[in-house]
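Enquirer: If you want the building blocks of each chain, they are given just below.
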Amino acid sequence: MFGEEKLSTYLNRSKLLSNVDCENKIRVAILGSFTLNGLEETIRVKCGDKKIQCSTYIAGYNQYNQEILDEKSELYKFSSDITFLIIDTRNVLGELFFNPYSISVEDRKQFVKTKSDEIINLAKIFVNKTQSKLILSNFVIPTYSPYEINEAREEFGLQDMVRALNQNIKIELCHDPKIYLHDLNSFVTKFGENNVFDYKQFFYGDVKISLDHIPYLAEEFMGYVKAVLGLNKKCIVLDLDNTLWGGIVGEDGFEGIKLGDDPIGRAYVEFQRHLLALNQRGVILAINSKNNFDDAIEIIRKHPNMILKEDNFASFRINWNDKVVNMKEIAEELNIGLDSIVFFDDDPINRDYMRSAFPQVLTIELSDSSSYSQILKSMNDFQVAKITNEDIKRSKMYLDQRKRTELQKQVGNLEDFLKQLNISAKIKKADQYTIPRISQLTLKTNQFNLTTRRYQEEDIKKFASDDNKIVECAQIKDKFGDNGITGVYIVNKENKQEWLIDTFLLSCRVMGRGIEEALLGQIIERAKMEGIKKVKAQYIKTMKNKPAENFLSDFGFIRNGDIWVFETTKSIKKPEHLVIS
Amino acid sequence: MSKKLFEIISRVMNVSISQINDNSGSESIPEWDSFNLYVLLNEIEKEFNIKFSLEETLEIKNVGDFKKQLEKYGVNLNE
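Chains as they are written, first to last, in the numbering used here: chain A, 1 to 581; chain B, 1 to 79.
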């Protein structure tokens, strides 16, 4: 995160890594046009810290071209899940890096066009030949020009050339789901070129990212690793006093807390603005605070400088109960795992307590309120492989969910509650609009997931064009709102007698409302209509998919070894409180 | 003697302090390769708040060379 260990610490720790306890695996390849020693070791250690078993392949120094072009190269044999390609501006510009004005404007434009095409082509060749994601770093814009103060007067000058190169690459590659463009230029800007580029290290061993900055670069790269593995955090749970505002409402009162136009108040307003932006992008917010509910909610509802409003929070625990108990309740109410929660609390005792009770919750170290925003911005835990419409609508969905829970409490009886919900499920085929979301759900759904098979967008695309597969998803609505696409199933039409359910999952947001039975029933009905005798399914146990454990047997499937079988002559369960269309 | 220096060498090169002496270098310390030597140089510069020149950097082959260079910069290794 913010503040890094020394590179030597990572180098030493990399020798002691054991893969015991790892829950995930990833294969990482690194291709660079310059020395990136230490990066691989640091990434492995950082993966180990997140219980990811990481295998790496480092291409030979400046061998990226040959490795990508040669189908038989070690790179392809290694078969990575994720591949980082970093090419330095100097390598691309060659002599022009020093004297760009030795050739005419037209020649400079032509040069940039040729180089852009080369790199775009290389990236496309690579992703066509592998299953790997490609993370292509952009080019760092030089801060020096021999024309100095007159650089800006030059048409298509040195800096323009590099900007154009970056822009051409972005335009061509930004829509490819297998390619991510890493903003190396912003990385260098963030830390400063004079710090990141050290002439002595460069002359000594062609080091272009100084040893001190390798751990920071590795941390940025971890954002991609986590996103590809679907390990993103979903929810930020916040304390209130001295976390969302300065001071203690119970002591300082409505007028006394600091939130607004004073130095301390500004820090909290800024923090709230960043939280709001994350919330609007799909990160859920919740509150876990020891306070009198009435005092605290009055601030949230009425304080003029409160940026986050009541409706931005999906769950409230403002009470005098144990914070750990509150945390557990929040996770249950939102139906998310504790390991997808980040906890912000200014009190070190609360943090220690949370860490010891729930090490899987990411509890953030906080000190000075002026650093809260920077800490939040430096986190790479909320990254998702792709931001979908569902992400943007998520906050509203959780708000609807809170209202549903309130209704359920009022109604009391589950059956009556379900009837009152007016649930409808709309089945949609996998197409260009739904494929990103289908892939996203397979990557991140842990609880109600029969097989937990993770599929990238291109996998789903391939399945969707296969006549022997059914790839569909369900959009779930009820009287409180649209839950969006929250169910996915993939069925293999194995032969004229049998279908096999490869994937069947439901987002935790809509679990336990009979939707799972309705969707499965609908698959079996279809199988029956097509003359299929047996529908087979699997339950592959993971650490997290207990909620789906008894689903197949409860539905009437019969176990036969590892496979569960449903004979289509049997009667099929059909929940009556919902409509499928 | 030279406690701080030896501690850094021990940490970076992954050897115990008792195994380090002035002649220690690539022959006696398995981890002492050109990259780790560079990591070591970098961390020593940071710890003692000095900057070796590129020439000085290239002259350093063993622990004794580090001591010589550090003394040149006025670092008191007996502290």
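No wet-lab data here; the hints were simulated from the structure.
Where a beta carbon is used, it is the ideal one built from N, C-alpha and C, also for glycine.
Misleading hints may appear alongside valid ones.
[Stated by the list, open to error] For lysine to aspartate or glutamate, the following EDC-like pairs were computed, each having C-alpha atoms within a straight-line distance of at most 20 Å:
#1 A/K6 - B/E71
#2 B/K51 - A/E74
#3 A/K200 - B/D33
#4 A/K200 - B/E56
#5 A/K124 - A/E74
#6 B/K4 - A/E74
#7 B/K67 - A/E74
#8 A/K200 - B/E47
#9 B/K61 - B/E7
[What the hints assert, rightly or not] Sample of chain B residues with no beta-carbon within 10 Å of chain A, all distances over it, derived:
#10 R11
#11 S26
#12 G74
#13 N76
Enquirer: Failing hints, ascending?
Expert: 1, 2, 6, 7, 10
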